[in-house]
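Chains as they are written, first to last, in my numbering: chain A, 1 to 154; chain B, 1 to 124; chain C, 1 to 440.
Worth flagging that the hints you see were computed from the coordinates, not collected in a lab.
For glycine and all other residues, C-beta sits at the position ideal for the given N, C-alpha and C.
Heads up, some of the hints might be wrong.
Only part of the chain A face toward chain B is listed, based on derived beta-carbon distances under 10 Å [what the hints assert, rightly or not]:
(1) M1
(2) V33
(3) T59
(4) L130
(5) R134
(6) I147
(7) V154
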Amino acid sequence: MRLEQFCKPELALILKGARTRDAALEQIAQAAVPMIPDVDADRLLASLIERESKTPTSTPEGVAFPHALLPGLEQTIVVVATAKPAINFGVKGHPESDVLFAMFGPEERPWDHVRLLARIARVARGPGALDRFRAASTPAALYEALIAEDRSHV
Amino acid sequence: MSETAGSSAEQAGGLSPNGRVLLVMIASDHAMFDDLITALLDIGLTGATVIESRGMGSILREEMPIFAGLAALIPEHTGSRVLISVTTREQAQRVFRFLETELKVANRPIAVTVPVELAVGLLR
Amino acid sequence: MKFFLAILLIVTIALLSVSARFFRFRRSRIVVALVSGGWLHVLVGVLIGPEVIGAVEEGALAKLTPLLVIGLGWIGMTIGLQARREVLRELPRSLFACAAVDVASSVVVFGLLSWLILGMWMPDAPVAARWPGAVLLTTASIGWLLETRSLRASSTPAAARLALCVRGSGALCAMAAVLGFGLLAHASSRGPDGALSFHWGDAVVMASVTALLAVMAGLIGRFALRLAGGDRSELLLVFLGLVALVAGSATSLGYSPMLASALAGAVMANLAGPALRRFERFILQAEYVVASLFSILAGMLLDVHIGLAGVGLAAALAGARLLVKAPVFAFSARRQWERGIPGPAPAPTLPESSPLFLAPIRQAPLAIALGVALVLSEASPMARKLLGVVVLTGVLTSAPMVIAAMRTGARTGRADDREPEPAQDASPGAESAPEGGADR
Numbered sequence: 001m002r003l004e005q006f007c008k009p010e011l012a013l014i015l016k017g018a019r020t021r022d023a024a025l026e027q028i029a030q031a032a033v034p035m036i037p038d039v040d041a042d043r044l045l046a047s048l049i050e051r052e053s054k055t056p057t058s059t060p061e062g063v064a065f066p067h068a069l070l071p072g073l074e075q076t077i078v079v080v081a082t083a084k085p086a087i088n089f090g091v092k093g094h095p096e097s098d099v100l101f102a103m104f105g106p107e108e109r110p111w112d113h114v115r116l117l118a119r120i121a122r123v124a125r126g127p128g129a130l131d132r133f134r135a136a137s138t139p140a141a142l143y144e145a146l147i148a149e150d151r152s153h154v
Numbered sequence: 001m002s003e004t005a006g007s008s009a010e011q012a013g014g015l016s017p018n019g020r021v022l023l024v025m026i027a028s029d030h031a032m033f034d035d036l037i038t039a040l041l042d043i044g045l046t047g048a049t050v051i052e053s054r055g056m057g058s059i060l061r062e063e064m065p066i067f068a069g070l071a072a073l074i075p076e077h078t079g080s081r082v083l084i085s086v087t088t089r090e091q092a093q094r095v096f097r098f099l100e101t102e103l104k105v106a107n108r109p110i111a112v113t114v115p116v117e118l119a120v121g122l123l124r
Numbered sequence: 001m002k003f004f005l006a007i008l009l010i011v012t013i014a015l016l017s018v019s020a021r022f023f024r025f026r027r028s029r030i031v032v033a034l035v036s037g038g039w040l041h042v043l044v045g046v047l048i049g050p051e052v053i054g055a056v057e058e059g060a061l062a063k064l065t066p067l068l069v070i071g072l073g074w075i076g077m078t079i080g081l082q083a084r085r086e087v088l089r090e091l092p093r094s095l096f097a098c099a100a101v102d103v104a105s106s107v108v109v110f111g112l113l114s115w116l117i118l119g120m121w122m123p124d125a126p127v128a129a130r131w132p133g134a135v136l137l138t139t140a141s142i143g144w145l146l147e148t149r150s151l152r153a154s155s156t157p158a159a160a161r162l163a164l165c166v167r168g169s170g171a172l173c174a175m176a177a178v179l180g181f182g183l184l185a186h187a188s189s190r191g192p193d194g195a196l197s198f199h200w201g202d203a204v205v206m207a208s209v210t211a212l213l214a215v216m217a218g219l220i221g222r223f224a225l226r227l228a229g230g231d232r233s234e235l236l237l238v239f240l241g242l243v244a245l246v247a248g249s250a251t252s253l254g255y256s257p258m259l260a261s262a263l264a265g266a267v268m269a270n271l272a273g274p275a276l277r278r279f280e281r282f283i284l285q286a287e288y289v290v291a292s293l294f295s296i297l298a299g300m301l302l303d304v305h306i307g308l309a310g311v312g313l314a315a316a317l318a319g320a321r322l323l324v325k326a327p328v329f330a331f332s333a334r335r336q337w338e339r340g341i342p343g344p345a346p347a348p349t350l351p352e353s354s355p356l357f358l359a360p361i362r363q364a365p366l367a368i369a370l371g372v373a374l375v376l377s378e379a380s381p382m383a384r385k386l387l388g389v390v391v392l393t394g395v396l397t398s399a400p401m402v403i404a405a406m407r408t409g410a411r412t413g414r415a416d417d418r419e420p421e422p423a424q425d426a427s428p429g430a431e432s433a434p435e436g437g438a439d440r
């Protein structure tokens, strides 16, 4: 599974000034809307917040994976973002997250969703990958870094 | 539902490119198992079975410890995991490519494939 | 040049003895019973040492001190690494009870015996002079050889459970022996005139400094392992550095290197992390090689000229093991059986008789390490003779077990060697597995 099937240059973001988790997720939902017809930003945001409230998706490495399954979606969308400053996802013991991978997928294909999460996890855990994402100063650079990292894996 | 795993070429003894194989992996390094499973999931191997196992060396050492009598009770030193999956040859090749390119030699599990002639109960 | 050739010879012999070719011999129960105590390697050491062939000269023995310290450090760390909180918590109380009974009975019986016989051996020496020898012989008597392969007549759940009891409580005894020797043997020191004196205040300081050293080494080890990664060569470097720090510092301060390393191992075992687990695995996998190497070195160090007094002492200790250890273990195992010893459920009936009850007769290989530790700390002719006594005791206690191994069925892996199942497993839930399967 290649990430470039699911992530386009318009879906790479550098979040500046998003002080809270919900503010960051709102920006992500806004970016995803043009790629997902028939769904509005409010619904995307609500689904992310609902999922995040059940089990936060931040990790000790400072990465967060907010995601949601929605009925009727035709395709999966991946949004990659870095946040300056980093955002608190509310997990005790975990640092604030400054790299975010958001996913919206069809509810009818949960296994594809799991596979894609596994793909993102592999890409993010590559040696030096997170540092390269964090060093990207523009959305285009972030997207290039992500695709390069993705292509380095089988 | 019974199923023959491949074309008549396979039944005649050859292997069709999309013929099924049994992929067997023995992972003794517990620390890398999580990465291995994540990678297999990514590649598309979703129907594997994991069996907790022990190596022969571990069994031999268990009955003949010298100083480390309790080591037999420490799971990381006694156990390995065997992962088996009936999959396509192409997918098995992708798994092998992953093992060879993305894992260090020391962390690599033993992996072999065995051709499958007949199979029943596999989900498409 | 000769020294380096001697090292090469020792290492080659140790590596050969743990090679696959030699390992095949261990499939025989008799060979396992014979060699598990390390006596064969000790004999090789005696042969190549200054006492017989002289391939390693007397003068070269002093240069072996760093190697011996590393060996003691490795053994101590191997024992200490087992003291992981979550493992010890899961062990049934029965294993601790069996170990406690053995420690108490060994201290009383063997302490008294060694004190009396050492007095007869050294009639002109002051009473205090017996202390180091008595501590060695008493702590060397704690525990037993952990090998159970040669004594398992059958693969029943009861036998498996009893074997686990032998290994588990024996391992706990080993921890007690290292602790006891480390604290007591170093509570005394020799003055300029050679007289022994006790400084209990210094002993408390010693224990505190050793513990501090261990904690420091444990924390440094954790940090070093995070940097090292999983490569074997990196793990070896970390290990050598740690052992040099802990065991070397303890030795130079006059403290016990084995105790310091064991405590460091215990501290490290309780710090979480995948790197630590790889390190543990690395240490434990090298057990056979290190034990072989160490036994050869011990053989070179010991004094074979122990005289009738030494032989008598060894015979008395062996006899005491025969008369006391096995019955005490059988008694405590039976008492504890109902409380639960890990194994397949439901609890099978304890066998009325089993060769495994004789396992505690055999002296633990740790006794050799304790003897070497005394030689390093005392550097006296008597210490080397006592090492010889310890080794002889081990040989004498292994001999009856070879006969027991012969009686349990000499060959393994052959279905036609199946022993008739003992009548004790008459309960409906009892299983019996094929003989050959258990020994493959």
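These are the hints, each one checked on the structure:
1. M1: holds (6 Å)
2. V33: violated (27 Å)
3. T59: For T59/A, the interface hint is violated, since the closest Cβ of chain B sits about 13 Å away, which is over 10 Å.
4. L130: Constraint on L130/A not satisfied, violated at 16 Å.
5. R134: violated (22 Å)
6. I147: violated (16 Å)
7. V154: holds (4 Å)
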